[in-house]
Structure formats: structure tokens, C-alpha cells
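Chemist: Based on the hints, put chain B in the right spot on chain A.
Going down the list, the protein sequences come from chains A and B.
With the working numbering applied, the first sequence corresponds to residues 2 to 415, in that order.
With the working numbering applied, the second sequence corresponds to residues 2 to 415, in that order.
Hints are not guaranteed to be accurate.
Each pair may be met inside one copy or between any two copies, as identical chains are not told apart.
[What the hints assert, rightly or not] Within a straight-line C-alpha distance of at most 27 Å, the following computed DSS-like cross-link-like pairs (lysine-lysine) qualify: (1) K401 with K352; (2) K299 with K3; (3) K29 with K106; (4) K3 with K106; (5) K22 with K254; (6) K299 with K117; (7) K225 with K3; (8) K44 with K299; (9) K117 with K86; (10) K163 with K106; (11) K254 with K29; (12) K86 with K163; (13) K254 with K115.
What the hints contain is simulated information worked out from the structure, not anything from laboratory work.
Note that the structure is a prediction, hence the values are computed from the model and not measured.
Take a look at the letters that make up each chain.
2 protein chains.
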Amino acid sequence: MKIAVLGYGVVGSGVVEVLAKNRQSIEKKAGCPMEVAYILDRKDLTDALSAGKQVRDFSVILGDPQVDMVVEAMGGITPAYDYVKAALEAGKNVVTSNKELVAAKGAQLLALAKEKNINFLFEASVGGGIPIIHPLHQCLGANQISEIAGILNGTTNFILTKMIREGMSFTQALALAQQLGYAEADPTADVEGLDACRKICILASLAFGSHLYPDGVYTQGITKITPEDVQYAENAGCVIKLVGRAAKGADGKVQAMVSPALLHRDSQLAGIDDVFNGILVRGDATGDVVFYGRGAGKLPTASAVVADIIDAARASGTIDTLQWEDSDGNNLAPVSQYPVTAYLRWAYTGKGEAEAFVTQALGPCQQLRRPGQPEGEWAFLTTQPLTEAELEQGIQQLEKQGFEMLSLIRQLDY
Amino acid sequence: MKIAVLGYGVVGSGVVEVLAKNRQSIEKKAGCPMEVAYILDRKDLTDALSAGKQVRDFSVILGDPQVDMVVEAMGGITPAYDYVKAALEAGKNVVTSNKELVAAKGAQLLALAKEKNINFLFEASVGGGIPIIHPLHQCLGANQISEIAGILNGTTNFILTKMIREGMSFTQALALAQQLGYAEADPTADVEGLDACRKICILASLAFGSHLYPDGVYTQGITKITPEDVQYAENAGCVIKLVGRAAKGADGKVQAMVSPALLHRDSQLAGIDDVFNGILVRGDATGDVVFYGRGAGKLPTASAVVADIIDAARASGTIDTLQWEDSDGNNLAPVSQYPVTAYLRWAYTGKGEAEAFVTQALGPCQQLRRPGQPEGEWAFLTTQPLTEAELEQGIQQLEKQGFEMLSLIRQLDY
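For reference, chain A alone in the conformation it holds in the complex (with noise of 0.2 Å):
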């Protein structure tokens, strides 16, 4: 098997270490020699795994026949996405990390590989060294899927830790994350939820069948979240986490959303702190499975892609099991219906009772309270099932009052 690896990047090298440092057990498993041929990569590199191996023009990887296997790990959509879609029409399996590229391009590269007989696998673009992708479509094959829920981004959960276990601001703890190289210069795709939504809208396509793309699915980042929501979030017996969760409703449409959450502190997914992340999977027959580990980073992300590479060598054909259609945007339910318990702050100094306020505006609620709760600030749960369309209709009527919303957190039962 020769492989050619695009971008020598973090998970690329890592997939050539890890192929070099336990290549032995690897081929074994595969049942096939394993020889990294090429590596794709416009900066010079020095090291000695890629030595003789570099190539600056992918023609090179293209046109030759005895490469049957490409791992992209270039990341983005340009050029990543005609690199992959090329060596698919040419025959080559291809084997990537890229999560933004599966979420874009999903349905149609699986097919390209369908049409071909050969794979193009992407354990690694979610939940890094989690095995998340296979067990999904093979070893929970005998569950009907309701539901799946997910920390889904490392970086925005080191920063969520950060400000429940040590009281940081969101500005500091990510200059912690930065600092320690978990969040990039540009933070935006992680605090902003754009990752997770890519990996909640890949898990959602797997397990429904109909490709989910990020762009209509609501998503809201952890930015606004405040010391002061985490410690009403702890009176109320939770934590806040970033979640990424997707269900099949009645109607047969998804109802998919990122967004803060306040969990309960016996939730499975309350305890995932730091980097990890942790993946719910709601099966009618398995009932709750959740799958726990390091989200991201160089090793555990390249064994996922190498665990791949493995996959692809041992198969005969298209692996089946591991196939969605495409969609016109159709599969997904509007926000405005899906249930929802909420958690809000307000700021509301007028005259009479702010509970009986906010009870006439959005049913029944518990108000929670903080050290140093300043007068004039108040917090509710609410506590009967509401929608999202209810939920805004009453967030306005209290604005009407002289509320004025400082915060909206989505509580989960998860």
C-alpha cells in the first residue's frame, strides 16, 4: 500500500510517526506493507521521517498509479476539496481530518468513492483520537439513532472549565488557552461554535442518513457567557458546556443546534472537562452510549486517521455501512419548534415583582440566586416545556416591561 500524505502539518506528521512507531502491529493489521511515497507540503521540511518524501505539485501524487491511498490533512476547503474529489475519480482512497471539508463536501465525496468501489473515511474529523464515526455506522448498526449529543470542541471546553473551576472571565481563560497553544491566534471558529457545528452536522448525517450542512443549523459560540451565569448555573446543580446535539423529531426532520448548555452536575457529559471531549449516542436498543477522550492533538488524531488507513486497506470496496444522502437543506426543522428549558438573566429595576413577571411571560420558573447578587439583577429556570418560538415570545413581552436580558443559556437533560 503507498500513501501519500497532503500537509505535513500537525496531524500529518503525526500520521507518519505513528505509521513509522508501531508499523509492525499496523501492517498486521492490515494485512498489507504500509510505505508513506509522498509527502505534499510547500514548506521545506527537514526532518528525517519525511526525508526523500517531499513533493510540492499534487500531479505528481495524482499520476502515479501505485499510490492507492491519500491522507488529507491539509484542513479548509481550498485546495483540499479538489485535491480529495481528484484522487477519488482516480481511483485512490482517501482517508482525511478535515472537518470542514466533510461537512461541505460529505455527501458528495461519498459518493465519488461509492461510484469508484473504494473509501473515503474521516474517523478523525470528529472527536480526534475518539472512535466515534465506526462505531456509529457498524457497531451500534442494530439501533435505531434518536439522538446525539456532544462536547464537541476542546478549546471552548478548556475555557468553560476554566471559568467554572477557577471563576476566570472568558477573556482570560482564553488568553490561558492561547497561551498554552489550545486556541489559535484567530479564535473564532472555536468560541463561536462553527467547529462543533461542522462535527454535530458530520455525526448528524451519519446517524440520519441525510446530509446536514452547518450553515442552517443555529449556532451560538460561548462569548457572552459570564462568571456570573457560571455561579447561577452552579445554584442551580449545573455546569455550562458547549453542546452540539442533533435529534430526529416526529416529523422525521432534525432539529440540530450548538450552543452553551447548562448541564446537570450528574449529566455524563457534565464531568468532560479540560480538552476532552465526550460524545452522547441515544440508540433505541443500546439506550445512552457515551464515548470519552482527547478531542484533538497530534497522536490521538493521527491513530484515528491511521485506524482509517487500516480500515480502507482491509476492505473490499465501499465500506456500506458509511454512506448518507445528499439534501437540499429540507431534512432540517426550523428553530422556532423545538423544545426548550431555558436559563435567564435580566436586568429589571421597574416596580412589582420580577418572578411574577417572568411567570406570566414564560410559565412557571425557579429563580436562582449568587454571592454578591446585586439588587435589580435576577436569574429563572424555567420549568415547564416550552418552544423556542414561546420562548422568544415571552422574552419580548418581558422586554416590553422594562427587562432588559443579559443572558440566555439552554438547559439539557442529557
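Modeler: Just chain B now, with coordinates in the frame of chain A:
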């Protein structure tokens, strides 16, 4: 695909139910139609799903060349072993949930399946509905696994959870477990750790490539755990769990044990409560990955069996990654060499400071306290690395000095 189900108890009937309920998606994933042709059971079956399928004589199944898949859900070694062996020899795939059988005869049955180029699969034998066998050999295939540790028995985990959360005694908690159907009338296999031992042996055999027989593995149950131990553990920031674990030592031999253990509250295994199971796998590339879910129950276990049926249906020949060699028992390191940290509770009313004697015998220790601690009761946590042999020596020394050991529970740092 014509399927015969051996045993129509909880698991067997669950398999037939899941196959009926999710038939369409299962057949799509398997790539072929699925038909339960025979159900072997001695008792009269009267439900609709089994109608017209019951046989009482295994030779009917064995003699039907159209049966290409046998599901063994009888449990125990006799006659399950004979039936499974005969089925494999006749070229029929076998899927089983029977951990006792796999732990006793796994290497032999895997070799037989390989000889016939078919499959012997047993995802349901460990962790019920939690995918673990498959992820271990396939998804984590790029890793060298160094260690596995798990809460592998739901009955004992339920009992310990009741002891920890509600202060019950072992006897009270066992009675409740029996009342709720979580524990059998004869709970020996669960509470003495035998069930957990079979499961860790299966996982270790797969991870380290050589059959680990339960007979050789030091196994201690939970019958001697008291509410006092639970309180001292709490004082150390720990909970008590029954943990099965196996690690590969520097000499290539396996260190394996089943025992109650103090786990720090922050441990990813500490939050696994009630009847849930959790399994931690430590890989060189992926780090720690944890799998969590319902470790038993009709539909979760059936779901794992059906996932294996799909795998076997899709496989072209034996799945080579699911193999291990037989062994003569020399693959297991002697317990005396294992590193150990331990909690010890003593009765000592002699002259002199207890702490000084204990420190002299076991090295530096942390003294623990509990509410209502009577005079003459002492509890310590060792804080320097010892071997099991050194621990045993220290205990003997203290017993000579008038100490009576009330409890010994190891501490683990997963």
C-alpha cells in the same frame, strides 16, 4: 442469511426482537435479508416472534446447510461450548454474548473460525450495549494498548453506588439489587468478581494478543466492603468501585487483577454509577479513551449481538484483527511484583503511636478520618510506591505488632 438462536432467555429473545423491530435498516446495513429460522429452547415458547421456529434438538440446526449464522445466548460452558464448536466446524458463523465461554475457550474458537474462514464474534460478552470489542481491535488499531481498566459489572456497581450514596450496608444493598432484578438469587459470580474477571480477561486477551485465563487472575469481590470503608474513602476524596484491570509490564507479561479500588472523585471512572459500565483504554497514540453505557439488559446486549450479526454478514472471510494466540498461563506476571497503593483499616489498641508503626512497616502514609471514628480504629493510605510483596510483608509485620487488619482496598489512579 438464515439465523439460528440458541437460548430464548433475556438475550436470545432480545435479539429476535431487535431483528424484527429494526429489520429494514439492519438488512440494509448487512446487505442481505435476515431470517430467524430456528430458536432452540427446552421450555415451551408461546410468544408471536418465536411462533413456528422452536426446535429442541440442536442437530436440526447443525444439519441444515442453509443456516449460516448461529447466535449462542445460552450462557455457561455446557452445552454451549459443544454447540458453538460444532457450528463453527460446520462452517457456520457464531455470535455469542457468553463471556464465560469466550474467557474459557476464546483462543481455540477463534482459531477454529479462522481455519474455516468464517467468524466467531462476541461484542456482547463485555459491556453489554457499549461497543468495546470492535473499537478495541479495529478503531484503536493504530495504537499499542498499554492498559485497560473497567467497571465491568453492573450489579456490583449498583450495590457500591447504594453504599456510597445512601450509606447502605453491603447486605442491604444486595437485597435491594435482588429485589430490583439486578442481582440473581445466587449472586456469587457478580459479588465475588468472577464476572468482571472473565470480562477483563477477554479484553486483555484481545489487547495484548495472548489468551489470559481467568483462573490465574487474582480476583477479589466486594462482600467485605463496609460503610466505614466508604466513609474513609470519602475522606480521601475517593469512591470505591470494583475495577478489573490489565496492563502490559516492561517484561511483556500482563499484570491483571480484579479488586475493589479507591478511585479519586475526578477519575473518569468514578462518575460511572448504578448499573452502568465504563471501560478505559490507554493507547500510546490516543491517550485514554473511555466507553460508557448500559453494561447489561435485554435490548442493549441484543443490540451488540445484532451489530456482530451485521459484521459477520458483511465480512468476506475471517476478520483478522479479532484474533489472539492461546497461552499456557505464562503470559501473566505474578501478583507479588505488581505496584500497589492501598487503603488499610486497622484495629489497634496497643501501646505506642499507631502511625509510627504503620509508617515503619509501609512507608509514608496519609491518615484518614471518619465521623464517629471509635478509639482503636485507624485508617491509612500508603503514599509511596510499594510492590504487592512489600505490602504483604508490611501487613505481616504490623499483625505481629498487635494490629488487626479490618480492610485492605487498593487505590488506582485512572
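Chemist: Starting from the hint list further up, note which numbers the structure goes against and sort them upward.
Modeler: 6, 7, 10, 12
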